[in-house]
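Visitor: According to full-length UniProt numbering, the residues represented by the sequence shown are 1 to 267, in order.
Calculated from the structure, these hints are not laboratory results. Warning: the hint list may mix true and false statements.
[What the hints assert, rightly or not] Restraint-style ranges between C-beta atoms, simulated for each label pair:
#	residue 1	residue 2	range
1	Ala-168	Ile-202	14 to 24 Å
2	Pro-29	Arg-103	21 to 31 Å
3	Asp-16	Ile-240	36 to 46 Å
4	Ile-240	Arg-216	32 to 42 Å
5	Arg-80	Asn-243	16 to 26 Å
6	Pro-104	Asp-65	41 to 51 Å
Only a predicted model underlies this, so the values are computations on that prediction, with no experimental measurement involved. Cβ coordinates follow ideal geometry from the N, Cα and C atoms, glycine included.
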Amino acid sequence: APVLELRNVTAAYGPDAEPAVRDVELAVPRRGHTAIVGPSGAGKTTLFSLVLRFLEPTHGELLLDGRPYRDHTHDEVRARLAYVEQDTPLLPGTIRDNLLLSRPGATDGELHRVLREVQLAERVEAPDEGLDAPLSGATVSGGERQRIALARALLQSPDVLLLDEATAQLDGLTEAAVHRCISARATSGAVVTIAHRLSTVIDADTIVVMEAGRVRTRGSHAELLATDALYGELVEALRISSNAEPTAESALLDSGTGETGPVPGPR
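Work out the full structure: start from the sequences and follow the hints.
Guide: Okay, here's the thing in C-alpha cells:
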C-alpha cells in the first residue's frame, strides 16, 4: 500500500471560495521521489497544506499507511512527515539548537551524520566553529540555511519528506548537496518535491503535472516530454531559470497559490 494517498480530494480556503484543488487522486509510494510541477495557481502548495493537515478537504479523504487521516491526530500525522519550506528561517542560537528542534534527544553523532549528508560537516569541524557556535544572518548564507533546514528534516527520519524547493538561485555546492540528499533519501523513504529546478524533474521517479487544481497527467520526464505540451512548456521555463536569475518568464513555476508555503490553519 502507498505510504500516503489522496482519494478524490477537493479543498477550498473558505466556505464560499472556489476549490483550490479538485478531485485529486494521488498515491505516494513508500520509496521513491515524486515531483509536483505546474503553473502558478495549479494547486501545488494546497496539496502540501492538505498533506500537512493545515487544510481539511471538503470532499474525499487522505490516508496514511492505508488509514484515513480522520483516524489519526494532527500530531500523529505530522510526526510521520518532515517539511522543508522554500525559505526556512533559522532560530537564534546554534546549529545544535536548530537541528534538535526536530529530535531533541539526538546524539552528537547523529547531528554530525546529517550535516555530512548535506555537505555541512566542514562548517562544524572548522576552528572556532562547531555545533555550539552561534549562528546569525551575517554568518549563514542562504544556501547554508537551506541545508541546515534539510539536515533538521533528515534527523527526524520521516516516512515522507516534503520539500518545496527554493525558487532563488542556489550556489552549485548547495544544489549538488541537496540533490544528492534527495536521491539518497528516496532509496529508503518517500520524497515529494514541489519542483522548481530542472535537475529535480529529470531525476524524479514520477512527475505529477497539475493544472487549475487538478492532476493533469503523470509519468517520467521522458514520457511527459513526448506526450504533454504543458509539461514541455514547464520544462522550458525551468531550463531558462536554471541558466539565469529568475525572470518574469521563469516565474511560470512559482508556488502553487501564491503563498511561500503551506499556511497553518486551525488545529
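Visitor: Taking the numbered hints from earlier one at a time, note which ones the structure violates and give those numbers from smallest to largest.
Guide: 4, 5 and 6
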